[in-house]
Amino acid sequence: MRRFEIILTRLLWLVPTVVGLVVIVFAIANVVPTDPVRIIAGENANPEQIEALRVKLGYDKPLYVQLLRYFADLLHGEMGTSLYSQRPIIDDLTSRLPATLELTLAAILLAVALGIPLGVVSALRRNSLLDHGLRVVTVSGLAIASFWLAMELQFLFAMKLAIAPLNGRIAGFGPDTVTGLFIVDCLLSWDIESLGSAMRHLALPALTLALPAAATIVRFTRAGVLEVINSSSVLYQSAMGLPRPIIVWKYVLRSALISTVTQIGLIFGVLLSGAVVVEAVFDWPGLGTFAVQSILQSDHKAIMGFTIWAGCMFVLINLAVDVLQTVIDPRSTR
Amino acid sequence: MTALLEVQDLKLGFRTEGGLARVLDGVNFRIDAGQVMGLVGESGCGKTTLARAVLGVLPHHAAQIDRGRILFRGTDLLGADPRMVNDRIRGRAITFVPQDPFTSFSPVFTVGAQIMDIMKWKSPRRPADNGGARLPALLRPYPGARRRADRAAVLELLDAVQLPQPERILAKYPHELSGGQRQRLMIAMALLTEPDLVIADEPTTALDVTIQAQILGLLRRLATERGVAVLLTTHDLGTAYEICDAITVMYAGQEVESAPIDRFFRSPAHPYTARLLASLPKSEGTVAGIPGEVPSLLRPPGGCRFNPRCDRAGPECTAERPAATRRADFHLVRCHHPLAEAAP
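Protein chains in written order, with numbering that gives the first Met the number 0: chain A, 0 to 333; chain B, 0 to 343.
Bound-form chain B, shown alone:
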């Protein structure tokens, strides 16, 4: 399989008042076409930053990219012409489902107006922008025939995300809809432009628990039907287990392990992954925490950033970050002292 998205050795930081926060430290990451990949880690581990780096919406005055590449179908998104990326990739080949459906709509336009604005620019029926006599964006027309076709597609997809009476929903303002309805709309918008990759950044954390499972199931089903790859960031292993094909674990700005879902839960190789799995609440009601604290990103520990909390750590762990070793097909781990293979 060829990689759809491949992040190579991405290192970036945010300039803060306390100095440079080293948020991503040489991260490698890949998603294949049609794959649902979970990006798992605690809050502050850099998963949202990684998602935003791929989307190209890092805060430009604070973010500082030191090195690395983000290859999408072989094109480096960091090095390519920003206008081309904004016009053809962002919102078309790569779309976004935000964390908070409550605030991600503009409150002063109807959701229909906002969806049609996305379609005006991102519809798969829109011909490629080939320069020529360019009108300013605000004055660009929306041809009637395409508009009608786009609207039909919108109504069809609203039906697919199980929003009844789509015409009425489109006429409403965001505050007149429930959180579940809004997130269904967000999923519909992410799929409308027929993308190759949907980046869903904790898409259910803002929702009621009962709605969460429905939304995740919906996302998984629609993505699989359409052959769309999904990058799902979450801090919840249960969520990842339910809908992902594979999981990549991040800790304090470093990816530590990546594995297909069955191997991930059956035979974790990195001590942090094992600790993370052990910290899931057991059926008898006990919870095992991980001793220590997440390190400061202003002064992170050298080498593998998990070493201060790791009971297997040796001197080489502070000296150097281990290279990735291959455990099995698509199972990579970056650890000097990985756990032994579990008995099948």
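Chain A extracted, bound-state conformation:
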């Protein structure tokens, strides 16, 4: 089966991708002019203590030895200890993953729900007022810096209108952990009050992340629909009197989505990096906040851990997109 082959090849490619990623991140971490040992030792340490610590932590070894050691640790699921939380980095990443996953999934769902219908309508009413208006909105949606948008949304909805909380993930304690996604866990335990709180907290950060993503989806869907709407197959279906909604929302949309779905995979990478900023603004306890804190503390190992983690997620999401692609477009499995 062709689809199985695609999945297997992509999973195998995950290994060299992650290896390459680690090497690059490792190189960058060592080019940055900060001394991790000095930071770990603290402000009051004298030079002898720092050198002793350097030997103890293995930072005196040649770089390639450090890199090989890092790989060996990775194979055992070791990423070192976070300076910030004093906990194993891998544990921090695992416990913070659901928050980021919930945020990015909500953002991508919102972006798809907004972007695809708007893209279709924009293509059907090409050069109408609506189309031109949407073009302005999408171009600005792509151009606006997310931290600025985040703060404007906070200002408007949290401070002026007071209909959404300023920051955080939920009021009070979270629901019993099953998946770690608060919305899902609230639904599972049928805790309506927490569900409402979780959704209100999620709304603004998800919207901030979703707007640029939705803008990309609108543009790709519009282009895809325009390409198909003038095709012979649509002419044939119109001449045979198929109802217009069937032609547009079933046949045209499915063909048009082929290129959009590829984009959604790439958008996910943008969302992950966007989450770093947005989480910091909204104090969202996810991977992004962890990354920002690690960067501010020059915590090399934590930054590397985050980057590898994000890289793996990106590769896996794109694998899912490739599989989805073979479902939508039968020609791609040829």
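Simulated from the structure, these hints should not be mistaken for lab results. Misleading hints may appear alongside valid ones.
[Claimed, not checked] Cross-link-like lysine to any residue pairs, in silico, SDA-like; alpha carbons within 20 Å at most:
| hint | chain 1 | residue 1 | chain 2 | residue 2 |
| --- | --- | --- | --- | --- |
| 1 | B | 119 | B | 141 |
| 2 | A | 249 | B | 112 |
| 3 | B | 171 | A | 329 |
Chain B: place on chain A using the hints.
Only chain B this time, still in chain A's reference frame:
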């Protein structure tokens, strides 16, 4: 005989960047029930536009209909309620065989899914849509009993168009089928809804020459068996000769002559028709072209549009387009100086 389809004085144009292209200039045209009518002319003469006007699929932002009527069984398709036309006439009473079977299927659904979608809406077993509590089209159910009956009809017709193993063909995607198979499917789809009229727009130009004759023969045989009228547009007189009962010739957006097939080839009356027949390759291998060029539709010549290329043209030909004169039964010509009747 009463006309099944009658196009009366249809004048329409397309808005282009260079101005209005006057694509159809007062065209009259008729097909009787069960008749196979060839609509013949060079590329750009308006035959495809005429076919699309009847089907109601002209590009709505560019097309501009100035006057005329398209009467189908006495109903003017241009003036009738568009929803009624889409629901009851298009795809049911009038169906379509497209020019290019390669691109006329959607590439992302199996041909079976696409045929069953047509049947869901256009099956002769579907009761008339009488308003009431209307669900949106996307949510409308396909009753199981009708679905099974429709599927049986599909399989039967696939057999009739000589597609072996119809079940397997229905499960395939368009790119997995050959051009001939796809065009057989198109013909089957056009006949499934038990129409009165099939509009076939150059149905064989995209196919290999060896397949062309088979497909045309098939179309002719099935149409005759079922008493279905066919409007066949083609630029190929040989094709028309093989399967048509009658031929209408168009030149630059005007119909010039219409005649039963035997009279058409034996005694053409319009100079353009005569030139067209003379341009067919002879057995000795010579080809006689028509001097001059097809006129621009942005600035067409006045009167009969063939007059700049016509050796019989006089001043009245540029002044006024001649009315139709009757040569014989069903033989009409629009010319001020028609050719003399050929000796029988």
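For each hint, the structure was consulted:
1. Note on residue 119 of chain B and residue 141 of chain B: the hinted pairing holds, with a Cα-Cα distance of about 6 Å set against a maximum of 20 Å.
2. At roughly 12 Å between alpha-carbon atoms, residue 249 of chain A and residue 112 of chain B fall within 20 Å of each other, so this suggested pair holds.
3. Between the alpha carbons of residue 171 of chain B and residue 329 of chain A the distance comes to roughly 10 Å, so the proposed pair stays at or under 20 Å and holds.
Hint check: no violations occur; every hint is consistent with the structure.
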